[in-house]
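Trainee: Keeping their order, the protein sequence lines are chains A and B.
Heads up: the first sequence at position 39 corresponds to 1484 in my numbering, and the numbers run straight through without jumps.
Heads up: the second sequence at position 88 corresponds to 181 in my numbering, and the numbers run straight through without jumps.
No wet-lab data here; the hints were simulated from the structure.
Source: prediction; values computed, not measured.
Wrong hints could be hidden among the right ones.
To be verified - Only pairs whose alpha carbons sit at most 30 Å apart, straight line, appear in this in silico DSSO-like list of lysine-lysine: (1) B:LYS164 with B:LYS150; (2) A:LYS1502 with A:LYS1543; (3) A:LYS1450 with A:LYS1487; (4) A:LYS1516 with A:LYS1502; (5) A:LYS1487 with A:LYS1543; (6) A:LYS1513 with B:LYS107; (7) B:LYS107 with B:LYS150; (8) A:LYS1516 with A:LYS1543; (9) A:LYS1503 with A:LYS1513; (10) A:LYS1450 with B:LYS164; (11) A:LYS1502 with A:LYS1460; (12) A:LYS1543 with B:LYS104; (13) A:LYS1513 with A:LYS1543; (14) B:LYS107 with A:LYS1487; (15) A:LYS1450 with A:LYS1543; (16) B:LYS107 with A:LYS1502; (17) A:LYS1503 with A:LYS1487; (18) B:LYS164 with A:LYS1516; (19) A:LYS1460 with A:LYS1450; (20) A:LYS1543 with A:LYS1503; (21) B:LYS107 with A:LYS1450; (22) B:LYS107 with A:LYS1460; (23) B:LYS104 with A:LYS1516; (24) A:LYS1503 with A:LYS1516; (25) A:LYS1450 with A:LYS1502; (26) A:LYS1502 with A:LYS1487; (27) A:LYS1450 with B:LYS150; (28) B:LYS104 with B:LYS164; (29) A:LYS1503 with A:LYS1460; (30) A:LYS1543 with A:LYS1460.
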Amino acid sequence: QQQVKQSPQSLIVQKGGIPIINCAYENTAFDYFPWYQQFPGKGPALLIAIRPDVSEKKEGRFTISFNKSAKQFSLHIMDSQPGDSATYFCAARHSWGKLQFGAGTQVVVTP
Amino acid sequence: DTGVSQNPRHKITKRGQNVTFRCDPISEHNRLYWYRQTLGQGPEFLTYFQNEAQLEKSRLLSDRFSAERPKGSFSTLEIQRTEQGDSAMYLCASSSGLPGTGSNQPQHFGDGTRLSIL
């Protein structure tokens, strides 16, 4: 079963735009929600993460918004750049460590 | 800063052959995870070690798969009698965490081993 649902599958924005990626989860026992960025031929790289007792977290141009009651969270990429073009994965962590990933969103930022 | 290292980066083999992959985690990390990623999908959990103990295995890990982490350092993942469906990227991740508790730090991934079955 798909425990973490991610949307959209892909999106294209112009440089300076704000791509927004959404995720929804089912298991209320998840204790940590990271986002990973992956370039072709590379492993996922940790971008930013949030705990469920926090509603928003910002690191540089990346912001996570978290809605515990709705069991949803999202990633915003401010002032997007062509170098941000990559596949982004949301994930949810079981308390003992296993990550449950979404299916990924391919983001393309055009010059 | 030494990250998670995986070898080989690519492996091409014929169906029915055995293959073994190696993962060297970040040196101070006591937790090690294996995931499998197919094209267009997110990584799927395979198995987890805390130090040398294999504590969890996914139902995805059939009897043809075995993983070890001797001495709690590097880990190996072996696939016996490979099948076409085993073609995927095999990812290793590591993190630190207090033994016996759920408290653990973020997982950092290697660049994976891409397995292609002819």
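Trainee: Decide, hint by hint, whether the structure agrees.
Mentor: Taking the hints in turn, this is what the structure says about them:
Pair hint LYS164 (chain B) plus LYS150 (chain B) holds up; C-alpha atoms about 19 Å apart against a cutoff of 30 Å. Between the alpha carbons of LYS1502 (chain A) and LYS1543 (chain A) the distance comes to roughly 22 Å, so the proposed pair stays at or under 30 Å and holds. The hinted pair formed by LYS1450 (chain A) and LYS1487 (chain A) meets the criterion: a straight-line CA distance of about 23 Å does not exceed 30 Å. Distance check on the hinted pair: LYS1516 (chain A) and LYS1502 (chain A) sit about 16 Å apart at the alpha-carbon level, within 30 Å; holds.
Note on LYS1487 (chain A) and LYS1543 (chain A): the hinted pairing holds, with a Cα-Cα distance of about 20 Å set against a maximum of 30 Å. Simply put, LYS1513 (chain A) and LYS107 (chain B) have alpha-carbon atoms about 48 Å apart, too far for the 30 Å limit, and the pair is violated. A hinted pair counts as satisfied when its Cα atoms are at most 30 Å apart, and LYS107 (chain B) with LYS150 (chain B) qualifies at roughly 26 Å. Restraint check: the Cα-Cα separation between LYS1516 (chain A) and LYS1543 (chain A) comes to about 18 Å, which is no more than 30 Å; the hinted pair holds.
For the suggested pair LYS1503 (chain A) and LYS1513 (chain A), the alpha carbons sit about 17 Å apart, so the restraint of at most 30 Å is met. Only pairs whose Cα atoms come within 30 Å are accepted, and LYS1450 (chain A) paired with LYS164 (chain B) is rejected, the gap being roughly 37 Å. Simply put, LYS1502 (chain A) and LYS1460 (chain A) have alpha-carbon atoms about 23 Å apart, close enough for the 30 Å limit, and the pair holds. For a cut-off of 30 Å, the pair hint linking LYS1543 (chain A) to LYS104 (chain B) stands: about 26 Å separates their Cα positions.
A threshold of 30 Å between alpha carbons decides the hint, and for LYS1513 (chain A) with LYS1543 (chain A) the separation of about 20 Å falls inside it, so the pair holds. For the suggested pair LYS107 (chain B) and LYS1487 (chain A), the alpha carbons sit about 24 Å apart, so the restraint of at most 30 Å is met. A distance of roughly 17 Å separates the Cα atoms of LYS1450 (chain A) and LYS1543 (chain A); the hinted pair therefore holds under the 30 Å criterion. With a C-alpha separation of about 47 Å, the suggested pair LYS107 (chain B) and LYS1502 (chain A) falls outside the 30 Å cut-off, and the hint is violated.
Annotation: proposed proximity of LYS1503 (chain A) to LYS1487 (chain A) holds, straight-line Cα distance about 25 Å (limit 30 Å). The hinted pair formed by LYS164 (chain B) and LYS1516 (chain A) fails the criterion: a straight-line CA distance of about 40 Å is larger than 30 Å. A C-alpha spacing of about 27 Å is found between LYS1460 (chain A) and LYS1450 (chain A), which places the hinted pair at or below 30 Å, so the restraint holds. For the suggested pair LYS1543 (chain A) and LYS1503 (chain A), the alpha carbons sit about 24 Å apart, so the restraint of at most 30 Å is met.
At most 30 Å may separate the alpha-carbon atoms for a hinted pair to count; LYS107 (chain B) and LYS1450 (chain A) exceed this at roughly 35 Å. A C-alpha spacing of about 45 Å is found between LYS107 (chain B) and LYS1460 (chain A), which places the hinted pair above 30 Å, so the restraint is violated. The hinted pair formed by LYS104 (chain B) and LYS1516 (chain A) fails the criterion: a straight-line CA distance of about 40 Å is larger than 30 Å. Only pairs whose Cα atoms come within 30 Å are accepted, and LYS1503 (chain A) paired with LYS1516 (chain A) is accepted, the gap being roughly 19 Å.
With a CA separation close to 21 Å, the supplied pair LYS1450 (chain A) and LYS1502 (chain A) stays within the 30 Å bound. Restraint check: the Cα-Cα separation between LYS1502 (chain A) and LYS1487 (chain A) comes to about 26 Å, which is no more than 30 Å; the hinted pair holds. Only pairs whose Cα atoms come within 30 Å are accepted, and LYS1450 (chain A) paired with LYS150 (chain B) is accepted, the gap being roughly 23 Å. For the hint linking LYS104 (chain B) to LYS164 (chain B), the alpha-carbon distance of about 26 Å falls within 30 Å, and the restraint holds.
Simply put, LYS1503 (chain A) and LYS1460 (chain A) have alpha-carbon atoms about 20 Å apart, close enough for the 30 Å limit, and the pair holds. Between LYS1543 (chain A) and LYS1460 (chain A), the direct Cα distance comes to roughly 35 Å. Violation of the 30 Å bound is thereby established for this hinted pair.
Going through the hint list in order, the structure does not satisfy hints 6, 10, 16, 18, 21, 22, 23 and 30.
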